[in-house]
Each structure stands twice: as structure tokens, then as C-alpha cells.
Amino acid sequence: MLRGNKELWFAFLAMILITGLYGLVVFLTRAAPPASELFGHGIGILGFLLMLMTETLYSLRKRSRSVRWGRMSTWLQFHIFTGIVGPYMVLLHTSWKFNGLAGVSTLFTIIIVVSGFIGRYIFTRVPRTLDGLEIEGTLSQEALKQARNLMALWHTVHIPIGIVVFITAFVHIGAALYYATLLK
Amino acid sequence: MRSNRLGCLTGTGLMAALVTALAIAGYAYARGGLMYNPGPLNSQSGEILGGVTSHAETGGECEACHTAPWESATMADRCTVCHTDIAEQMRAAATLHGTLMHDSPDLGCRHCHPEHRGAQASLTVMDDAAFPHEVVGFSLNGHQLTAAREPFTCTDCHHGDVTTFDLDSCDACHRQTDQVFMIAHTLSFGSACLDCHDGVDRLGKDFDHNNFSFKLTGEHVELACVQCHVNARGFGDFAVSSQGCDSCHRDEDPHAGRFGQACGECHTADGWSPAKFDHNLAAFKLEGEHAEAACESCHVNRQFKGTPMDCYSCHREDDEHNGEYGTDCAACHNPSDWEDADFDHNRSNFPLTGAHAGVACESCHSSGQFAGLSTDCASCHRDPAFHAGMFGLDCAGCHTTDNWFARYNGPHPGIADEGGRGVNHGGASCRDCHTQTLQSATCLACHDSNNPDDDGDGGEDGDDGDDD
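Residue numbers (this note's numbering), protein chains in the order written: chain A, 1 to 184; chain B, 1001 to 1468.
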């Protein structure tokens, strides 16, 4: 499982496309797209939806016992793709202002992406089937134990960061709705 | 290893959630809504409204401007709590904000006045509204395209804030299109462009002076504006310019004001010459021969005003009466012909009555003398020999002008007065007895004898006095 890095190339391609679109808007309006206007707001919403998918879909598939659509490896690739592209779009949504709660949310978003990359490389140290099951006997017991411990440690750090990201993001969205979107 | 428990519900995850929630709540408690602030509020100080001089002074008190989505009040309602002058404008149609509200009832303050764009950012941005620029006194009708044939943007004229305007902006652009004109124009009318120009271009290439009450015709068409509108510095200065000819032409009046200031009664805008003077507009109407006379024959030395109107001042040399009839020629003569005189002798002290009325003038005025002739009868009439000098020269004592007939009823010694009335001698006339003169008499015309005692025939038919 996850032997290539196809998902990284797809993510890279998507980022180039989004960057091109962003550059076009900057060229036409001669300013960084404000977070509150069509383009800036749009990529913020889409980016956040991708981040939500990153957080939920892979986790749900992993825990679902009755419905087992698709291979775990595919879900993991999708998790990685959305986990890169979503935050990148959220970053462009900031219009390069990092003050207030939204700034905190952005900071933790960046942190969790970095954390995700670290997690990916810890995860790939254990050989697995396409459904994510560990393949016994390829690693020494010592190495396997070390990899599992590392993975457990990573989870302990990664999950709280994600919690912070989503709580601050939801409060930010609520405040944005209250103070801007639903303005009368 | 694997469980159905959600991945986030780990101990550290729940701890992180708690810490994050507490941090947000604590910050909100301490600093209000500042953590949601998308950018600094404007801090440029103005007048004190609502207890602050700038939006930034409200700090984290979001509710000062923001309303909750479930409230009926809008943000604009919050704005007008402090900006009461604007609230009044929004209710008055003739004002900028009144017009904006009328044209776009859904327009909110924030559409033109965004906040959170920085402490020094402009609070007025017109991107979201079709700004009715004419309401602020300048229409953009004439400013659709720049000198470079590109659409105008706000900053083409408003180099700084859109609420300020530098007059140099006009000059800088318009000199690019016609520098010579602009230099002359500003020299003539000053550089306060907006005092005259309101953007409708009514003074531009479509300007037509003939839309005003003073039409430009003839020589006036070619004039430069400033030749009449001297020192005009505002549109009002043009409107109040006097339309009287003298306001411009006073110094070039060759009549030195003698004809007054209504040049147009004789002259037209096509030129000073030819002039059309209607003498009949003057007090002295030109009739008959006067209409043909050269101006100079009356107006000597081109003295037009104050020329005497009595005949004699011009016709003294023409008087054939040698001044004897005074200076009022018009009493007898008319302007058509000297010969066509209408002399009424009865207006003289010698009215022509009776037989005098038919007499030729020369019969009395034989020497060409008309005035001062004696009115005595004897100056024309000799005392007849028949009178034998008995009655003197007072002809009128017995005669009238009707005829020379006279009658005598006085005492008449020597003849019988039949009837007692003096000379009632049988109806005889004077000449019946006085055949030669009144000094001599004869009875023989009727009687056979001159002897009174001889009562002859022939005397009974004379029944009256005398004649002739």
C-alpha cells in the first residue's frame, strides 16, 4: 500500500492550477483577492470542505465495519490529496493577513499539514496490504514495535492539532457568518 | 488496535478541545470581538460623534456598528445613531445620500463606506454603487473618456480620497488636449473651473449662445467670449452681464451720447454702417420737403441732439415777409410747399368781411408790405367828392364792408319831413335831390320849381332816404 506518491503529484498539479487561477485574479484586479469576496471566499469554503473531507472520510472508512467501499489505500491517497490541496486553498483565502482568530486557525492548519507529512512517512515504514493490514514478517519484531510506538506518539500529537484547527475554524466561520455574511 | 471510537475522542484530543474553547472564551471575555477583526478600523480623527472621534476608538465594541442577523435593525441604523446629519440627508431627496437612497433603496452605508481596511484607508469607496455624481454638483456626462480615449476611473480626477478634489486635476488633463486654449481660457476666466463648469458640458463644444436671450448675430458671432464677458469668474457673472449696447460700446460712440444708449434703434449687429435712422422716432417728424433735406442742412456740425425745432431757426433766410409775420411760419405754411400757404386774414386785427373778402391781396398790400398797414378805411378808400368833405374820414360811421350803401336819418333843414323821421321826403333818395354833391340840391327832378312854396307835381312818389 502507498508505494508510489501519485497522490502527491496530483496534489501538486491541483496546486499549480489553483495558483494559476489565483495569479489570474491578482493580475485582473491588481490586488490579493480579499477573503470576503467571490474568489477569496470561494476558495476558503472549498478548501475548508476539502479539509473536512480529509478529517472525516478516511477516518469513517477506517472505522466502518459494514460498508467497505473502495480500498483503504485509495482513501488514504484521497486523504493526503485533500489534506494538501484543502489547506493550500485556505492559505490563499487568508489574503495574507494572519491576525485574530483566523490567523491562529491558519497557523494550526499549516502545522497539521506538516504533521500529516511526518505521519505519512512513519506510516509507510510498516509494510501493509492494499486494505491497510500490516504484512507480518517483513520487519523484525523490534523494528515493528518501534514503528508502532512512533505511530502512536504521532497520533497523540496530530489529533489535538486537528481539534484546534477545526474548533478555531468553526468559530471563525460562525463569526464570519455573524459579522459579515449575514450582515444587514 | 482498531475501534469504532472516533479518532478525535482521544484524551489529548479532548484536552486540546477544552483548552481551545477556554482560550477563545477567555479572549472574548477580555477583548470583546477583536479576535474576529478582519483589519484595523479607521483611526483618522474627525468631529466627536457618539463619544468618539474615529471608528478605531470604539475598540472591540463590535455592537457599536454590527447588528445580530436575527435583529430587525441593520448596520445602517447603527451608523445613523452617530451620523445624524447623514440620516437627515437620506430623507432629503435633493441631497447626495437622499438621491442614493431614492435610486437604490437597498444600498447600505457599508457598500460605499467599507471598514476594517486599515487605520488610514479611505472610508469611501465607490466600487459598489452607480454614484450619482451630478448630485455633488458635477455631472460626469462630459467625462466618459480620457484624453487617451480610455474610460475614466475615480482616481483620474480624485488623486487622493474620492471625497476630495484638486482643481489642478482639470488643468493637468485639459492642457494635454488644448494647451493654447487652456492658457487663454484661464487667463480670461480664472482657474476656478467648477464655478462655471458642472460637467454637463453646456459651456463646451455644444454651447449655443443663441439659447440665451442675447442672440449672437452679425459681427457679434466672431467675438471671443471675454470681449463681452470681462472679468467673469463664475457662471452667475455671465448671466448678469448687461445686454445694453452701451455696456460694451460706450467708448466708441461717435455721437458722444447725444442719441442716447439705444444703438439698436439705428444700427444692427451686421456693422455700424449702414445705420438706419428713423427721424420720425424723434420729436421732430420729417414731413414734406423736410424728408428730402440733407441731415446737415438742419444738423450743422453734426450736432444732432438739441437742434431747435422752431421753423425760423432754419428758415430765417427764407422769410419773404421780412419778419413782419413773426417766426411762427407754421401758422400759415406747411412743410410740403412754401406756396401752399394757408393764411387766414381773419386772425389778423383786420378781419376781411363783406366786400373785403373778395378783394385781391395786392389791392391793399400793393407795396409788398403785409404787416403794419393802417386799418383806416381812408388808407385805401378816398373820400368821394359827393360827400363834399362833410363827413370826414370815418367811413365806418355810416358804411359797412358789405357795400357803400348808407342812409341818413338826421335833421335835414329845407325840406318837408313827411312823417317826422328826418329826411323822409316822399321816399326820395339822396341822389334824387343831390345830383352832384351833397352841397348842392335840386328839386327839379320831381318838382317843377325849386321854390318850396310852389307845390308842384312829381314829389309824392319819393318815399325813402338816401343812397350812395
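Simulated from the structure, these hints should not be mistaken for lab results. C-beta atoms are modelled at their ideal positions from N, C-alpha and C, and glycine is treated no differently. It is possible that some hints are incorrect.
[Said to hold, decoys possible] With beta-carbon atoms standing in for the labels, derived distance ranges:
id, chain 1, residue 1, chain 2, residue 2, range
1, B, Arg1149, A, Met53, 47 to 55 angstroms
2, B, Val1081, A, Thr181, 52 to 60 angstroms
3, A, Met53, B, Gln1176, 55 to 63 angstroms
[Said to hold, decoys possible] Here chain B is said to cover these stretches of chain A; the calculated rule only asks that three of the stretch's residues, wherever they fall, bring their Cβ under 8 angstroms from a Cβ of chain B:
id, region
4, 14 to 23
5, 70 to 76
6, 158 to 170
Hint by hint, here is what the structure shows:
no., hint, in the structure
1, B:Arg1149 <-> A:Met53: 47 to 55 angstroms, "holds, 51 angstroms"
2, B:Val1081 <-> A:Thr181: 52 to 60 angstroms, "violated, 23 angstroms"
3, A:Met53 <-> B:Gln1176: 55 to 63 angstroms, "holds, 57 angstroms"
4, 14 to 23, "violated (count 0)"
5, 70 to 76, "violated (count 0)"
6, 158 to 170, "holds (count 8)"
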